[in-house]
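Student: Put together the whole structure using the sequences plus the hints.
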Amino acid sequence: MQAVATVNPNQSALAPRLLIGVAVAVTLLIVVAPLAYIFARAFAEGWRVYAANLMHPATVHAIWLTSIVALIVVPINIAFGIAAAWAIARFRFWGRGILVTAIEIPFSISPIIAGICYLLLYGRQGLLGPWLQANDLQVMFALPGIVLVTMFVTAPFVAREVLPLMQAQGSEQEQAAVTLGASGWQVFTRVTLPNIRWALLYGAVLCTARAVGEFGGVSVVSGNIRGQTNTLPLHVELLFNDLNATGAFAAASVLTLLALVALVVKAALEARRGA
Amino acid sequence: MTIAISSLTKSFGPTAVLRGIDLSINDGELVALLGPSGSGKTTLLKIIAGLDWPDAGGLVVNGQNWLDLPAQKRRIGFVFQHYALFPHMTVRDNIAFGLSVRPRAERPGKSVIAAKVTELLALLQIPHLADRYPTQLSGGQRQRVALGRALAIEPAVLLLDEPFGALDAAIRRDLRRWLREVHQQTGSTTLFVTHDQEEAFELADRVVVMGEGRIEQIGSADQIHDRPASPFVARFMGAVVELPVTLRAGRAEAAGLDARALERRAMADGPAQLFLRPDAIALEADPASPWVLAHKSSNGAMIRASMRRADGTEVPVDLLRHSAPDLTLGTAYRLRPLTGAVFALDGIAQSDAPRPLPILKEKRQ
Chain A
76 MQAVATVNPN
86 QSALAPRLLI
96 GVAVAVTLLI
106 VVAPLAYIFA
116 RAFAEGWRVY
126 AANLMHPATV
136 HAIWLTSIVA
146 LIVVPINIAF
156 GIAAAWAIAR
166 FRFWGRGILV
176 TAIEIPFSIS
186 PIIAGICYLL
196 LYGRQGLLGP
206 WLQANDLQVM
216 FALPGIVLVT
226 MFVTAPFVAR
236 EVLPLMQAQG
246 SEQEQAAVTL
256 GASGWQVFTR
266 VTLPNIRWAL
276 LYGAVLCTAR
286 AVGEFGGVSV
296 VSGNIRGQTN
306 TLPLHVELLF
316 NDLNATGAFA
326 AASVLTLLAL
336 VALVVKAALE
346 ARRGA
Chain B
1257 MTIAISSLTK
1267 SFGPTAVLRG
1277 IDLSINDGEL
1287 VALLGPSGSG
1297 KTTLLKIIAG
1307 LDWPDAGGLV
1317 VNGQNWLDLP
1327 AQKRRIGFVF
1337 QHYALFPHMT
1347 VRDNIAFGLS
1357 VRPRAERPGK
1367 SVIAAKVTEL
1377 LALLQIPHLA
1387 DRYPTQLSGG
1397 QRQRVALGRA
1407 LAIEPAVLLL
1417 DEPFGALDAA
1427 IRRDLRRWLR
1437 EVHQQTGSTT
1447 LFVTHDQEEA
1457 FELADRVVVM
1467 GEGRIEQIGS
1477 ADQIHDRPAS
1487 PFVARFMGAV
1497 VELPVTLRAG
1507 RAEAAGLDAR
1517 ALERRAMADG
1527 PAQLFLRPDA
1537 IALEADPASP
1547 WVLAHKSSNG
1557 AMIRASMRRA
1567 DGTEVPVDLL
1577 RHSAPDLTLG
1587 TAYRLRPLTG
1597 AVFALDGIAQ
1607 SDAPRPLPIL
1617 KEKRQ
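Sequences listed follow chains A and B, in order.
Sequential numbering from 76 applies to the first sequence in my numbering.
Sequential numbering from 1257 applies to the second sequence in my numbering.
Take the hints with a grain of salt, since some may be wrong.
[Said to hold, decoys possible] Some residues of chain B that are not near chain A, with every Cβ distance over 12 angstroms (derived):
1) G1395
2) R1405
3) T1569
[Unchecked claim] Have a look at the derived ranges for each label pair, beta carbon to beta carbon:
4) B/H1338 with A/A346: 25 to 33 angstroms
5) B/G1269 with A/T264: 29 to 37 angstroms
6) B/I1427 with A/P91: 28 to 36 angstroms
7) B/E1458 with A/R167: 33 to 41 angstroms
8) B/G1526 with A/R165: 51 to 59 angstroms
9) A/P91 with B/A1386: 46 to 54 angstroms
10) A/R165 with B/P1359: 20 to 28 angstroms
Please keep in mind that the hints were generated in silico from the structure rather than gathered at the bench.
None of these values were measured; they are calculated from a predicted model.
Just so you know, even glycine gets a beta-carbon here, dropped at the ideal spot from N, CA and C.
Tutor: Next up, the structure:
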């Protein structure tokens, strides 16, 4: 086998080297350095202080709250994403085009606008506020509000990953399963789901990463009550405003770790999908 | 299983796809639905499978009304044109699928399913591929797996949509012969869709010719070749030569035409149209004929001669090279058709417009 020549040996290798160098430098400067700095600052006063910061009740509560939100939001969005993608890919119905666009809306709207919309709808002075109050339902400045906004912001992730795959595959495999006697549930679990499993996982990872990191929308509806409605990203800001830089960086390191894990899983899934 | 289809109609929006289909299929028969694309043949197959529903009409299989029955309950084997194998399952699991999704009470044991699959793999001549995935198979092998998957549930009726459409010619011929053998061994009533005449005639006991949502003719290869029931069938069977003639006492007459070999038709005297296939015309030297040999070429086996008339009309004639007479360019020959079909002019006009009673009964044969 002859090696594929990509560079003319007579030509100077300066240009490619320069370009690669610039790319590496920029990546180091704007991605790696800040990330490394987070950990450097978090551990600046030693392990003991880092652990103490993490074990602080307010921080523990923020981690717990963020996990709860993700655990509620991600499964709901997986179900919604599959249902929406399936409806769009398999059926022709009135409003199909509107649904396709509606799924994309959260991508194009700033999360803070979503937060304000929810506030105007469910807040004390909002449209549904009086009714909610009369029935003693607390949506704003409580877990339901945070979950609702996070759901809105992360709604497109699963559907967007699954839909193109479903459209490309068509429905013949499902029809074949039906003629072979499979029930609707069997068709779904044994044919549809295995076919979309990698795209689904990929979408779920992206959805989780976004749900955990969501700041803007949640900041409007959460009320920032320390130890009650403070999610991890909000908590980072709160600690920072308290001039507790080490604590803020310790909390931020948790978020960063989560993001890095999501990134690794995503890369692994992409490799698996490409195979 | 006998299938009785009656007055079946189906429209997609304003487009009528089936305009009244009547068809009976006997137990164990192998029937081809032959027609150009858009003739409604695949839609008919999907309705029988339960993957599509008619607007009106009846579908009775062994005395049971199948239109009340969902596809799952019909026990049909459907083979898709592009196979639709499950890519995440091995060949073995693909074939076992229909048995493994049965309700627990009816589901055979694991060892029974495994034995059944092994038996089918042998019948399909692919035991060595049992643990492969569909992406690792060739087109012909995929087709065999698709058929095995359909046969595993011992279907009441086997339906195949363009089964060999995506394969190349040599594999096609092999698989055709092999499908015929499989049919003889399983004896299941089989219906397949094709646009390929050769495939239909070689494989099927009976061929149903469809055009624009109607059954145009039902018969054997010889019947359809020699006695096309309509201008549509004649054209579809390759009768590209259309000559205006005059009918006298049931015989077609025209200058330079010697139609004595054709049998007399019980049709009124008057103008008519004669449909001929280029390979069913003989040439005889006749100085009085207006047809002059304008061009000839050979592909080794056949000579293609082009006969031209003074008004510019051309008629292609295909002759077997070894039995053809010596042909001289510029010489006049008369056309002597060996087989051909005659239709009254009004019948031809009718065939282009929707007819109020489109149903052609099997009696037409």
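Student: Can you name, in rising order, the numbers of the hints this structure does not satisfy?
Tutor: 2 and 6
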